[in-house]
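Student: These are the residues of each chain, in order.
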Amino acid sequence: MPDPTPVTSCPMVREPLLSELSGPGRNGLTVPRPFAAGRCADIPAALNPPALPEISEVETVRHYTRLSRLNTGIDQGMYPLGSCTMKYNPRIGEEIASRIADIHPADEAALQPVLAWLLDLKATLEDLCGMDDSCLWPAAGAHGELTGMLVIREALRRRGDDRHKVLIPDTAHGTNSASCTIAGFTSVNVPSGPDGFLKAADLERHLDGDVAALMITNPNTLGIFEQEIDRIASLLHANGSFLYMDGANMNAIMGIARPGDMGVDCMHLNLHKTFGTPHGGGGPGSGPVLVKRGLAPYLPDPRIVRNAPGGIGLVARSPESIGMVHSCLGNVAVLLKAFVYCLSLGPDGLREASIRACLNANYLKERLKKVFDLPYPTPTLHEFVLSDRVQKVAGVTTVDMAKALMEYGFHPPTVYFPLVVPGAIMIEPTESEPVGELARFADAMGDIASRAETSPDLLHAAPRGTPVERIDEVWAARNLVLTWNDLNPSR
Amino acid sequence: MNIPEGLRYTKDHEWVRVEDGTVRMGITDYAQHELGDVVFVEIKPAGTQLKAGDAVGTVESVKAVSDVYAPVAGTVTEVNAELEASPELVNSDCYGRGWMAALTLASTPDLDALMDAAAYRAYLEQEAK
Numbered sequence: 342m343p344d345p346t347p348v349t350s351c352p353m354v355r356e357p358l359l360s361e362l363s364g365p366g367r368n369g370l371t372v373p374r375p376f377a378a379g380r381c382a383d384i385p386a387a388l389n390p391p392a393l394p395e396i397s398e399v400e401t402v403r404h405y406t407r408l409s410r411l412n413t414g415i416d417q418g419m420y421p422l423g424s425c426t427m428k429y430n431p432r433i434g435e436e437i438a439s440r441i442a443d444i445h446p447a448d449e450a451a452l453q454p455v456l457a458w459l460l461d462l463k464a465t466l467e468d469l470c471g472m473d474d475s476c477l478w479p480a481a482g483a484h485g486e487l488t489g490m491l492v493i494r495e496a497l498r499r500r501g502d503d504r505h506k507v508l509i510p511d512t513a514h515g516t517n518s519a520s521c522t523i524a525g526f527t528s529v530n531v532p533s534g535p536d537g538f539l540k541a542a543d544l545e546r547h548l549d550g551d552v553a554a555l556m557i558t559n560p561n562t563l564g565i566f567e568q569e570i571d572r573i574a575s576l577l578h579a580n581g582s583f584l585y586m587d588g589a590n591m592n593a594i595m596g597i598a599r600p601g602d603m604g605v606d607c608m609h610l611n612l613h614k615t616f617g618t619p620h621g622g623g624g625p626g627s628g629p630v631l632v633k634r635g636l637a638p639y640l641p642d643p644r645i646v647r648n649a650p651g652g653i654g655l656v657a658r659s660p661e662s663i664g665m666v667h668s669c670l671g672n673v674a675v676l677l678k679a680f681v682y683c684l685s686l687g688p689d690g691l692r693e694a695s696i697r698a699c700l701n702a703n704y705l706k707e708r709l710k711k712v713f714d715l716p717y718p719t720p721t722l723h724e725f726v727l728s729d730r731v732q733k734v735a736g737v738t739t740v741d742m743a744k745a746l747m748e749y750g751f752h753p754p755t756v757y758f759p760l761v762v763p764g765a766i767m768i769e770p771t772e773s774e775p776v777g778e779l780a781r782f783a784d785a786m787g788d789i790a791s792r793a794e795t796s797p798d799l800l801h802a803a804p805r806g807t808p809v810e811r812i813d814e815v816w817a818a819r820n821l822v823l824t825w826n827d828l829n830p831s832r
Numbered sequence: 064m065n066i067p068e069g070l071r072y073t074k075d076h077e078w079v080r081v082e083d084g085t086v087r088m089g090i091t092d093y094a095q096h097e098l099g100d101v102v103f104v105e106i107k108p109a110g111t112q113l114k115a116g117d118a119v120g121t122v123e124s125v126k127a128v129s130d131v132y133a134p135v136a137g138t139v140t141e142v143n144a145e146l147e148a149s150p151e152l153v154n155s156d157c158y159g160r161g162w163m164a165a166l167t168l169a170s171t172p173d174l175d176a177l178m179d180a181a182a183y184r185a186y187l188e189q190e191a192k
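From first to last, the protein sequence lines are chains Z and D. Going letter by letter, the first sequence gives residues 342 to 832 in our numbering. Going letter by letter, the second sequence gives residues 64 to 192 in our numbering.
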């Protein structure tokens, strides 16, 4: 491990909260009054005006500037958070999206080119996925899942088929069962096979007339392609059930394999993962839902249509739709950034991105499996899962190693997920990483593995060189401080 | 690994103790060890009717949230209220003060389907392979 010198050039001082910086009368800013105060005379005074901190402009600017220097992100180094696809966000997307930032959503003339781009994006995504129709409005992945399940519920309702269960493999993202539950279904956990993918024969045992759908992620969260997807789709369809695909891992297969060809009826994409838009605190997400023809009538409103009076327009109500799931045009700036990503790379470039994402992950896996336990030997695509089984003998666990990675300037990988692997370490480098950065990461992991044998205590205490050192997660979870009003200085 | 004699065990790592027509239950030493520090426990309220294998509650550690399943069919008669303020009892005394719920026992055959201490130990050893 490197010497515990700061990994950033920040001085090691704790940045106070705004509420701690606050002092009476420090906010010297006068907000101009846009209209006569008399117009508001009838509005009753708020019962409890918010206790906003009072801070001068210079202190506010410095506070946020200092915080930004404590931050870490993809622009500083590799961010191998498995299943989250933390790839580089190309600046051209920001540039193009900034040019539409001032268009008012009710300005129909100004909106014409935006709607045309959205139609083209929609066609591009449908083509990439082999699906017939889509809705761009859901705000993120889980919102897409919920929208998709509501579409399926509506299709069942319209055919008078009352089904309650949704099957979910044990490798699934936690959001899957949450989305099903909110959509009114009961989720049923289906164990995946010993090789890390779902066996059609295992699925068959769970099928009955109450199964509305199977929700599967392909490739799954072990990075393993669901090799029996074809047979799984046939079994579901013969049972009158739908196949829903969580497209969170689409980065492994875009331009190579299409969910529509696998028999998927309904799916969502995570544009903020696969199509390179900022996320994880850096920007909102976007989770378009794509369907086969039979489900298309139930997609959310509004619909973009080419032949409206005045050009391309929006149709607010369609007869069988589940209704609106988002205001205006969803997270339209994210949609445009994703479209820029598609256009910049082109069909061959998107395919190349997936191939490189898989190559990068497999390079890391080959290097790291020499020192870490690899629980599933099945070939993997864009990500892979290790465990702490070898290091645990010396008392060093996944959390120790994840924390230690920060000393080397890396964001830790996803840990303790998927749940099928005890002590999971889930690594997804994405296609953005040059081989030098991958090698630096593998070296750091190798270094940590040898420290686990020679000086485990150092790892229990890591990180020591970061602006905030090892935090007491157990204490934090047992003593919730949800707002700064709950702060108890007595600890 | 602490696996007391006289209790019955499930493959999902719950234990049950028979007490005069009711059963008391919790999670095993193996389960609490795998979960790590427990930070929150939520058990369904008294009166809830359960089939064997239904979720009787959830246990949350800093690593994960897991369901706890009813080892036998029955109705919840008592919930360990102490866990609300002191979830760490699940770690420190999982077979004692860290118990989670008491259930009425609907049928004895349910109990016979569960493992005794020796069978559970063998099951854990096999799982570790």
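Treat the hints with caution; some may be incorrect.
Stated by the list, open to error - With a straight-line Cα cutoff of 20 Å, these simulated EDC-like cross-link-like pairs (lysine to aspartate or glutamate) come out:
(1) Z:Lys733 to D:Glu188
(2) Z:Lys463 to Z:Asp473
(3) D:Lys114 to Z:Asp474
(4) Z:Lys506 to Z:Asp549
(5) Z:Lys506 to D:Asp117
(6) D:Lys107 to D:Asp117
(7) D:Lys114 to D:Asp100
(8) Z:Lys463 to Z:Asp474
(9) D:Lys107 to D:Glu151
(10) Z:Lys733 to D:Asp117
(11) D:Lys107 to D:Glu145
(12) Z:Lys710 to Z:Asp602
(13) D:Lys74 to D:Glu147
(14) Z:Lys463 to Z:Asp549
(15) Z:Lys733 to D:Glu190
(16) Z:Lys733 to D:Asp92
(17) Z:Lys506 to Z:Glu495
(18) Z:Lys506 to Z:Asp543
(19) D:Lys114 to D:Glu151
(20) D:Lys74 to D:Glu141
(21) Z:Lys711 to Z:Asp784
(22) Z:Lys540 to Z:Asp602
(23) Z:Lys733 to D:Glu97
(24) D:Lys74 to Z:Asp543
(25) D:Lys74 to Z:Asp511
(26) Z:Lys463 to Z:Glu707
(27) D:Lys107 to D:Glu147
(28) Z:Lys506 to D:Asp179
(29) Z:Lys463 to Z:Asp502
(30) Z:Lys463 to Z:Asp798
Said to hold, decoys possible - Computed beta-carbon distance windows for the label pairs:
(31) Z:Asn820 to D:Val81: 45 to 51 Å
(32) D:Ala109 to Z:Arg355: 19 to 25 Å
(33) D:Ala109 to Z:Pro390: 38 to 44 Å
(34) Z:Ser659 to D:Val81: 28 to 34 Å
(35) D:Ser155 to Z:Gly581: 48 to 54 Å
(36) Z:Asp502 to D:Ala127: 33 to 39 Å
(37) D:Ala109 to Z:Thr527: 46 to 52 Å
(38) D:Glu123 to Z:Glu661: 38 to 44 Å
(39) D:Tyr186 to Z:Gly736: 31 to 37 Å
(40) Z:Glu661 to D:Tyr186: 48 to 54 Å
Derived by calculation from the structure, the hints in this document are not laboratory data. All residues carry an ideal CB built from backbone N, CA and C; glycine is no exception.
Student: Per the hint of 45 to 51 Å, is the separation of the Cβ atoms of Z:Asn820 and D:Val81 within bounds?
Tutor: Since the Cβ atoms of Z:Asn820 and D:Val81 sit about 37 Å apart, the hinted range of 45 to 51 Å is violated.
Student: Does Z:Glu495 sit within 20 Å of Z:Lys506, going by the straight-line distance between their CA atoms?
Tutor: holds, 14 Å
Student: Does D:Asp179 sit within 20 Å of Z:Lys506, going by the straight-line distance between their CA atoms?
Tutor: violated, 33 Å
Student: Take a quick look at whether D:Lys114 and Z:Asp474 sit within 20 Å of each other, Cα to Cα.
Tutor: violated, 42 Å
Student: Just to be sure I understand the hint, the distance between the Cβ atoms of D:Ala109 and Z:Pro390 should be within 38 to 44 Å; is that true here?
Tutor: Once the Cβ atoms are compared, 43 Å apart, the range 38 to 44 Å for Z:Pro390 and D:Ala109 holds.
Student: Between Z:Lys463 and Z:Asp473, is the straight-line Cα distance small enough, at 20 Å or below?
Tutor: Distance ~10 Å between Z:Lys463 and Z:Asp473 Cα, so the pair holds.
Student: Against the 20 Å threshold, does the CA-CA distance of Z:Lys463 and Z:Asp474 hold or violate the hint?
Tutor: Given that 20 Å is the threshold and the Cα spacing comes to 8 Å, the pair holds.
Student: Against the 20 Å threshold, does the CA-CA distance of D:Lys74 and Z:Asp543 hold or violate the hint?
Tutor: holds, 19 Å
Student: Given the proposed pairing of Z:Lys733 with D:Glu190, does the C-alpha separation stay at or below 20 Å?
Tutor: holds, 17 Å
Student: Go ahead and decide if the range 46 to 52 Å is satisfied by the Cβ distance of D:Ala109 to Z:Thr527.
Tutor: violated, 23 Å
Student: Please verify whether Z:Lys463 and Z:Glu707 have alpha carbons no more than 20 Å apart.
Tutor: Not satisfied, since the Cα-Cα distance of roughly 38 Å exceeds 20 Å.
Student: Between D:Glu123 and Z:Glu661, is the Cβ distance one that fits in 38 to 44 Å?
Tutor: holds, 41 Å
Taken one by one, the earlier hints fail for this structure at numbers 3, 7, 10, 12, 13, 14, 19, 20, 26, 28, 29, 30, 31, 32, 34, 37, 39, listed in ascending order.
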